[in-house]
Amino acid sequence: MVATLRWTTGQRMTSISRLAEVSAGIKALRRRLNSLTAQRAFAVAAAMVLLAGAALVGLALRAPKNLFEPCAWAALVAVCAVSVYAVWRARRAWLSILATAHLADRRAALDDRLATVLGAPRSNADSALLPLLIEQTLAQQHEWGVKTLAPHRLAHRLLSVPAALAVLIAVAFYTRPAAQPGTLPVLAGRPEQMAAQPPRGQSAGQAQSALQQSQVADANRGAVNPNPPGASGSNQPQGASPTGPGDAPDPAGSGHTDQPSPDGTGAPRTGDDQAAAAGADQQPADSRTEQAAGEPPEGGLPSMQGTGAAKPADTGLEGGTKMERRRTRETVPRERGDDSTPGWKTAPAMALRGAIREAFGAQPEPQDGTPSEPEPPGAVAMARIGTSEAEEPAPEPDGSGEAGVEPDDSGLQAELPARPDGNRVDKGPASPAQVKGRDAGRGVPGASSGTTGPGGLYKDRRQAGAEKRGGSKDGEKPGGKAIAIRLGATSASSGDAPRPDNPADAAALAAVTSGRALPELSPEQSADAALQKVEVSQEYEAIVRRIFTRD
Amino acid sequence: MSTTACSPTHAAGRERASAVPTRGLDTGAARALLEDFQTVYTCIRAQLATVIVGYDDVIDEILTALFAGGHVLIEGVPGTGKTLLVRSLAQALNLSFNRIQFTVDLMPADITGTRVLYEQDGQRELVFARGPVFAHVLLADEINRATPKTQAALLEAMAERQVTAAGATYELPPPFFVLATLNPIEMEGTYPLPEAQLDRFLFKVFLPYPGSAELQRIIGTTTGGTLAQIEPVFPAESAAARLEELKALVREVMVAPHLEEYAAALIRATIPHSSKFAPAGPALLPPDEEISRYVAFGSSPRGGQALLLGAKVRALLAGRVNVTYDDIHRVAVPALNHRLVLNFAARADDVDARRLIDRLLDAGKRLHR
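Chains A and B supply the protein sequences, listed in that same order.
The opening residue of the first sequence carries number 1 in the numbering used here; numbering runs sequentially from there.
The opening residue of the second sequence carries number 1001 in the numbering used here; numbering runs sequentially from there.
Since the hints were derived computationally from the structure, they do not count as laboratory data.
If a hint is listed, it holds; no wrong ones were tucked in.
Across the chosen pairs, the derived CB separations fall in these ranges:
no., chain 1, residue 1, chain 2, residue 2, range
1, B, GLY1028, A, ILE97, 22 to 32 Å
2, B, GLU1237, A, ALA28, 46 to 56 Å
3, B, GLY1028, A, LEU165, 55 to 65 Å
4, A, ILE97, B, ALA1283, 21 to 31 Å
5, B, GLU1035, A, ALA163, 49 to 59 Å
6, A, VAL84, B, ASP1358, 35 to 45 Å
7, A, VAL84, B, LYS1365, 23 to 33 Å
Idealized CB from N, CA, C, for every residue including glycine.
So here's chain B without its partners, still in its complex pose:
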């Protein structure tokens, strides 16, 4: 598999990054890594744009979660290109890719793998047959159609990046990136994801219906004689390492103490003050009335981690090595919307979690101004 048109630039960046002495990192090398990150991101995005029409924000959010080291839950109606998007991403990254179609009768072993009797040279032994979870990019299609037992099989893999089967633990090769899709219709016979599993997704993105212009382009490009092909950004042999390197760079981005405080305040503000689990002490942001009325449970600390990790990616993409308020605000909705557990009042009033988060962000903007 050949590399893409982005390869020369990317290769130069890789050389600069490789030239950094192992003893440390000077400002020139850091600047080279920063430029390399931006270049890789731009190339991946450009490759996806050849296949995926529109959905720029969705692609940004998915790539942000990818470089932040998290998993993404994609919710969208059928036929909007969820599977295509994930497959194209795997092709662009030149990483291994597996797809699991979740159904009611899917068993955990169908995901993680199982021990099978293997016969070789007259010798029979039980050998662990790896399941589809052993891939760099995993598409869990319509994850809400599997039973909770099967869904839970992904918990360990997503959180610990390891699989335990028949008493043995198997490490998942980094990078491990899970993209699960949810179908909001045909809800009969589905099993909503438990909150614990939802919390393990870094972002939840929504894939709406495309607009008129995008729809015209989609039906035009997908019904022609030639289909667009994704060219990988990384060579196959170094793709995983390169991606891990960029992920490590993301974690080097600095966050000022007051921004850490602000992210924590946002998380704290998602918790209704009437909740018995609400923390004691004053909050930086004032309690929001709608949060108290419509939210049953707020975000966990994982939400704060998602905020800062996503903000760091956005900072690198902006050419900065430090996080700002805007970076946090840009990733707040995908990082928090699936972590707010709404109550029946919210359903009755048709209140969306994203609206509540927007209210919090408005309050936060007033605060830091």
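Next comes chain A alone, as it looks inside the complex:
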């Protein structure tokens, strides 16, 4: 009887053909399941890429520049991590034939019949019961077939891709920049006239709207300004008081507005640096305070106490002393907020940000000292012609900070990007050394951290007007001292009038008068375009010359 359980050749052939049928069904199921696995992995990775892209677009268009870089790297890391995880999951979920049989056994409650059938050639090839097992398996094929276990060709998770794409589109739509104003006309005349004249490509209503917006912001600044304009003999103009969270009002009222930037270069601090500066600035004995106080470093500059100068001319215009240059080199990276960040890490993120902004037509932002985005010398440089009193422009109406002035190679003051958070560079109470230092109120570009002093920049004509209204420290020549011209700061920094025979001044004047194309300004700066475009008439030039040659 035992012999009856043996196979015959014909039965074996029949069984093999039916076994191939089962195997084909399992292979089809395996293809479908693995396809779904791959689709899920792709969906996760693609959705993550799109979501990261949405976040970066939003950050590039709306967030401060210094926030974009860490977010860009974080997004890159997140995308890579999620992609690797998706691939890892897909690899783990990738099914072999036997694994597919196990899965089908479990889902269709086949009691391991499929796995046994497919493993039969290895261990049960001679079993007399194999035909019965194959028959039982095929009889239940409707329970383990592709149409039952994996009816869908596309994974539901693929829906996350269009969902993420929708998020990206929505983010891009809601964060896209507003329409850019056209190139502003070059105006001649007084600043009041310039304010009344809308920029080129901009209607009078738009200009008025921008003006009103700026006025509202000025009013807001005035609310938080602890130092009223002209109070205590301060050289601070209205709204020039510290506005940042770590700022403290000047207790002595002596005005520390001409406190130089930490590096003495006039480069504005970025948002990252402000956190560090908030603590560092509260230590009056630190190096920056010493520098501002006119404590001459070794072989340094003579003290210019009480002169109101922001910085000696040689430091800002002629490149400064070796000490100043060294300080500049040491401080500039920190000013950019990436003191420990190598260029290879920063450049791609910034390039990506620029690309995004360019793609969405956003206004390009000049990068601090970045050679890739040079400012046209004299094109946007503005010097405020003032007296020796330190006058500090108010922060940006939108809280985006103040534009600083830093010397460039030509001796002109280049307009620096606005500080994102609107905080002033100066933080904490000013020490007397800061006030009376060599840089105090001299209006030297670069020495005044780009925010204060005569070397500082008025981005807004209303600031100039406010200064006129508030007057200077001694109240002399109200409204007549501060006008904005497109002029290099060479003369101001040196305390002399711009000389046509001075090559730097000549270049600046040529740039100013030639109507060279201005770089695109931020929306907040667009209102200043008219001021920046102004062409100085001979009358005002004579005034300027008188002011700078009054001695």
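For this one, chain A is given, so just place chain B on it according to the hints.
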């Protein structure tokens, strides 16, 4: 001896099985054999249930070992029906049955047989007188009371199904099924079975005290005027062949490769990893802390064979021709509990081998899920 009430069904199944051409087996014949197996099993179980009250699990385990072709070691207190169970099984199978009461003075020849001087027609010759081991069903009662020498006399019979006496080897007629009993009390003067002999038992089953309901039925049915009688399932002339046929069918049941791997992993997991006999290489199941602490020696490969053979029987009883995880789990405890040699720490902590096996099964369930 007449056949039982199960006979018509069984006879039909036998006819179908006999109708299978000797050249091979088609699916219809295979299905008939499968049904025949289930029918025979059900009939035997029903016959035993007329005499044995309760102990359904014990009966299942004994029948599983019977169809798997193994031997069973039954451990239970006296008076729980061990001898009755085995005798009833032999009657139901309509097979020859012998019983050996093991005592200290029992000699190996008392089991295997010996040569005796036989005189016939004035001629004297030495003739081999077969011992009680020559039977289809052998009950070795209280096997732990015999000396190791006598116990060892069963080794060859159980493993090789043959007996060697006076230089001659005698085959034991199939089927050969040994059921040995152990008395856990009165341990003085007993000789615990050596591990080598324990390993030759496919299953070790425990016969606990009956429950209240079962006890009431036992004392009621055994003290009446009429005693239940066992009716054989098979005819006497074909009982052995039929049983061998069913045993052959059991071996045809298929096991998937991953289940073979799982059974091997279970066996591997019974071996403490600190043992010097532990195999090298990674194990499918993680090492169990209690196994390492309480087990001196793990299961041998015979344990794996017992797992799969028992699982195959369970698969046939479930109407399947392939083994599943559940089949293995159901037979794991009787197949492995006597193969784990526990150390003194286990005795001190009153750790039972069945508890350790349950831990392994839990780990295995987590693994294959």
